[in-house]
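Enquirer: Sequence:
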Amino acid sequence: MTSAVAVDLGKTGCRAVLWDDTGPVRETHDVPGAPGLATRDGVTAARAAVRAAVLPLLERRPGLRPAALCVGAAGAASAPDAARALAEQLLTDLPVPRVAVTSDAV
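Counting in the numbering used here, the sequence shown runs from 28 upward without gaps.
Note that these hints are calculated values from the structure, not bench results. Where hints are given, some of them may not hold.
[Stated by the list, open to error] Think about it this way: if two alpha-carbon atoms lie no more than 20 angstroms apart in a straight line, the pair counts; the simulated EDC-like pairs of lysine to aspartate or glutamate are:
(1) LYS38 <-> ASP57
(2) LYS38 <-> ASP68
(3) LYS38 <-> ASP131
[Unchecked claim] Computed beta-carbon distance windows for the label pairs:
(4) ARG88 <-> GLY40: 20 to 28 angstroms
(5) ASP120 <-> PRO62: 13 to 21 angstroms
(6) ARG111 <-> THR49: 31 to 39 angstroms
(7) ARG67 <-> ARG87: 29 to 37 angstroms
Backbone N, C-alpha and C define an ideal beta-carbon position, used for all residues, glycine too.
Model the full assembly from the supplied sequences, consistent with the hints where possible.
Expert: Structure, rendered in structure tokens:
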């Protein structure tokens, strides 16, 4: 089964969604957000929020190894180095081979 985790990381909330090839979204997990990657300690706060949102989803599906984690994060556009640092840390924290961190603004 192919799966991926998408995260919307905002300042007021953080929602993780587990997608797989069996159909529509079946599982989400919401936690408080983080102040933004461009702020002091923004990477640390973002990392904690993403982990808090994603890990419960993965714990509900033991053995599942998503193909990717995609994070839309507040502040990523104005702090690309912080976005890169967050991606690198999440690669070591979570059982995924690929992580992308981009802006949450559309």
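Enquirer: All hints, please: hold or fail.
Expert: Now the hints, each set against the structure:
1. Between LYS38 and ASP57 the CA atoms are separated by roughly 13 angstroms; this keeps the pair inside 20 angstroms, and the hint holds.
2. The straight-line distance between the Cα atoms of LYS38 and ASP68 is roughly 13 angstroms, inside the 20 angstroms bound, and the hint therefore holds.
3. Distance restraint check for LYS38 and ASP131: the Cα-Cα separation of roughly 10 angstroms lies within the 20 angstroms cut-off, and the hinted pair is therefore satisfied.
4. Restraint check, ARG88 to GLY40: a C-beta distance of roughly 22 angstroms satisfies the suggested window 20 to 28 angstroms.
5. Roughly 20 angstroms separates the CB atoms of ASP120 and PRO62, a value that falls within the hinted 13 to 21 angstroms.
6. For ARG111 and THR49, the hinted distance range of 31 to 39 angstroms is satisfied, since their beta carbons lie about 33 angstroms from each other.
7. Distance hint for ARG67 and ARG87: a CB-CB separation of about 34 angstroms, consistent with the stated range 29 to 37 angstroms.
Violation of the numbered hints given earlier is absent; every hint is satisfied by the structure.
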